[in-house]
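One-letter residues, chain by chain:
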Amino acid sequence: MAAATTSDGALTTADGIPLKASLARAERRNRNRALLLVTPLFAFILVFFLMPIFDMLTRSVDNTVVGSVLVRSVPVLSQWDDSSGELPSEAVFKAMVLDIQDGRETRTIGKVGTRMNYEKSGMTSLFRKSGRRAKQIKEAPYKEALIKLDKKWGDINTWRLLKRESDAQTLTHYLASIDMRFNDSGEVVRQPEEKQIYINLFIRTLKLSALITVLCLVLGYPISYLLATLPVRTSNLLMILVLLPFWTSLLVRTTAWIALLQKQGVINDFLVGVGLIGDDGRLAMIHNAIGTVVAMVHILLPFMVLPLYSVMKTIPPSYVRAARSMGATPWTAFWRVYVPNTVSGIGAGGILVFIIAIGYYITPALVGGVSGTLISNFIAQHISVTLNWGLAAALGSVLLALVLALYILYDKIVGIDNMKMG
Amino acid sequence: MALPTYAGPLERTWYYAFRTICGLIFFFLIAPLVVIVPLSFNAVPFFTFTQEMLTLDPAGYSLKWYQDFFGNLNWHGAVKNSFIIAVFATLISTTLGTIGALGLSRAEMPMKTTVMAILISPMIVPLIISAAGMYFFYSKIGLAATHIGVIIAHAALGIPFVVITVTATLVGFDQSLIRAAYNLGASPTYTFFKIIVPLILPGVISGGLFAFITSFDEVVVVLFVGSYEQRTIPWQMFSGIREQISPTILAVATLLIAVSIMLLASLELIRRRGERLRGITPS
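Chains as they are written, first to last, in the working numbering: chain A, 168 to 589; chain B, 143 to 425.
Careful: at least some of the hints might be erroneous.
Among chain B residues calculated to face chain A with C-beta under 10 angstroms, some are [claimed, not checked]:
| hint | residue |
| --- | --- |
| 1 | G245 |
| 2 | L246 |
| 3 | S263 |
| 4 | I266 |
| 5 | F366 |
| 6 | L411 |
Quick list of in silico lysine-lysine cross-link-like pairs, DSS-like style, CA-CA up to 30 angstroms [said to hold, decoys possible]:
| hint | chain 1 | residue 1 | chain 2 | residue 2 |
| --- | --- | --- | --- | --- |
| 7 | A | K278 | B | K282 |
| 8 | A | K430 | B | K206 |
| 9 | A | K362 | A | K278 |
| 10 | A | K579 | B | K254 |
| 11 | A | K187 | B | K254 |
Quick caveat, the hints were computed from the structure, so don't treat them as lab data. Ideal placement from N, C-alpha and C gives every residue a C-beta, glycine not left out.
Looking at chain A on its own, in the form it has when it is part of the complex:
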């Protein structure tokens, strides 16, 4: 557009609008157009991905079961002073009896029992039994009748537990996910020895992921170096050996490792065949941590090789030659000149492999046995087997926080814009 000048000297466009205003309008229009293009995509991710994640996060503190079933007792119970050392009043007992009777009708009382049982064993049976028999209690005194029905109603700790878990939000699941719990008097204490599993599980997940990452680096570094230094034609051919596993279904690769590693599998048969081990001495290489590590190193190795390769490709060979010509030994030239130049690749590949490894589910579930299962397997188990969704959500949130921290680190080192594939 041709710029013209008005009488007062300001630049305008051909149709007399000041240039500044015209520019602002054009920029606004462009911005709106960009926003318009991104909006459908953003909305889709927001509704179908972020909201589910958010839903899971709220579930980790959600505790509405008790309050929604025991509608009469929870309000009156909240007025009871649980440090008084006395049982709640008759009114609370009456409300509880009516709630249990209603809960029996609507078949919801069992849910309360299940929920309470996560905190203290014996609660499922208490509520089931009370549900069955509470209809016999028709008149006051409700207190004596209920205690007669089950002694646990006479235990002040039962009521303390109920009062504590009647809030709509709870931290119990988070405490459970780090092996802590509320004791009877409501203090935060460590779980008894035999119930401390999650901290160890997190440590094991981190340890195995670190081991897998280190092994991927040890195996990936030499071949990336070879691929980056060979003539293009040869390296492209060898690259197929990295890309083909990368593109093959991970279930196919896991299946392959089952065929190779199991007791009657290819490797054991080979070792027996050449006489290295006896038929009764077959190695247990699967359904334990070894199986998980071997299969996952194989699956994640391409994620290490590809970033390393793309970094190494940019290092001019003259650097190492210069170092050599100035008297460095091959080792010094490699260690002091080449390796420092690949640090960004090591960082990118390492974090990528580590992030994928700590959240891995399928392979550990199939070849991990007991000692090779990771935190994801427990999350899955709590969702589909034990149905303790609150704990699953809490464990998931802890895992998510870990991964996001690493993601931010990855962004700092590599930048998500620089993420490349294939």
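Model the placement of chain B on the given structure of chain A, informed by the hints.
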């Protein structure tokens, strides 16, 4: 990296040792895939080479696991579902992803980094967490155990790949081509289909292929969001490995390896075409 003529004996030894080590690592990468292929022709239901197979006796080989695969209704349904779900998920993620990437690579786009980070998050969040969240949330809105639910879930997982590849293609995109088209009187729609689309097509196709393979290979989300009715090939393989492990799975695995070889080949062709279009000699 040819061995220099001045290399001493130690360097020579290391040179060959290094190549041997690399050879072994490549062997580690490719051997499991190679082993599966002959094992899938096993005449007996074992996951190992029998004496007959090793002596190349025809009696040791059979096609019965392939027959089982092609004659089994469980697998039929799985193959059908896999393709239906992957195709629709790819369509959704490629369309939304490409349009979004066009907006994201405009200089005027506000809060670009934040939006990009959010759009890429499905790739970063561990699958088990996505699957758990989707399971809870999709049950609430009635999408759990439906084909549409699984398709939407897979589309969300595929979007980051499309966004990344298409924005990468757009980095080298010459914006003045669009202005030139407008200048010559082309309408925005005409410019889009005649100028923009042909140039970014390689990026769109490879992004689409990534999205397709993501859905085709995905099992955690299907396990949680789907049910038997939505079983895909990986779903069927997963439950097969868990329950009664039969060499049919090896036959399926062999077929899937063939699929991935085809995918790899088409990606390579697209890459070469893209380089040719930009005037780079294909390497």
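Taking the hints in turn, this is what the structure says about them:
1. A least Cβ separation of about 3 angstroms between G245 (chain B) and chain A falls short of the 10 angstroms threshold, and the interface hint therefore holds.
2. The beta carbon of L246 (chain B) is positioned within 10 angstroms of a beta carbon in chain A (closest approach about 6 angstroms), and the interface hint is therefore held.
3. With a least beta-carbon distance of about 7 angstroms to chain A, the hint placing S263 (chain B) at the interface is held under the 10 angstroms criterion.
4. Satisfaction of the interface hint for I266 (chain B) is found here, the shortest Cβ-Cβ separation to chain A being roughly 5 angstroms, below the 10 angstroms cut-off.
5. The criterion of a C-beta within 10 angstroms of any C-beta in chain A is met by F366 (chain B), whose closest approach is roughly 7 angstroms, and the hint holds.
6. Interface restraint check for L411 (chain B): the shortest CB-CB distance to chain A comes to about 13 angstroms, outside 10 angstroms, so the restraint is violated.
7. At roughly 18 angstroms between alpha-carbon atoms, K278 (chain A) and K282 (chain B) fall within 30 angstroms of each other, so this suggested pair holds.
8. Distance hint between K430 (chain A) and K206 (chain B) is fulfilled; the C-alpha atoms sit about 24 angstroms from each other, no more than 30 angstroms.
9. The straight-line distance between the Cα atoms of K362 (chain A) and K278 (chain A) is roughly 23 angstroms, inside the 30 angstroms bound, and the hint therefore holds.
10. Our distance criterion of 30 angstroms between C-alpha atoms is met by K579 (chain A) and K254 (chain B), whose separation comes to about 16 angstroms.
11. Proximity of K187 (chain A) to K254 (chain B) is assessed by CA-CA distance (about 25 angstroms); at most 30 angstroms being required, the pair is judged to hold.
Checked against the numbered hints given earlier, the structure breaks only hint 6 and satisfies all the rest.
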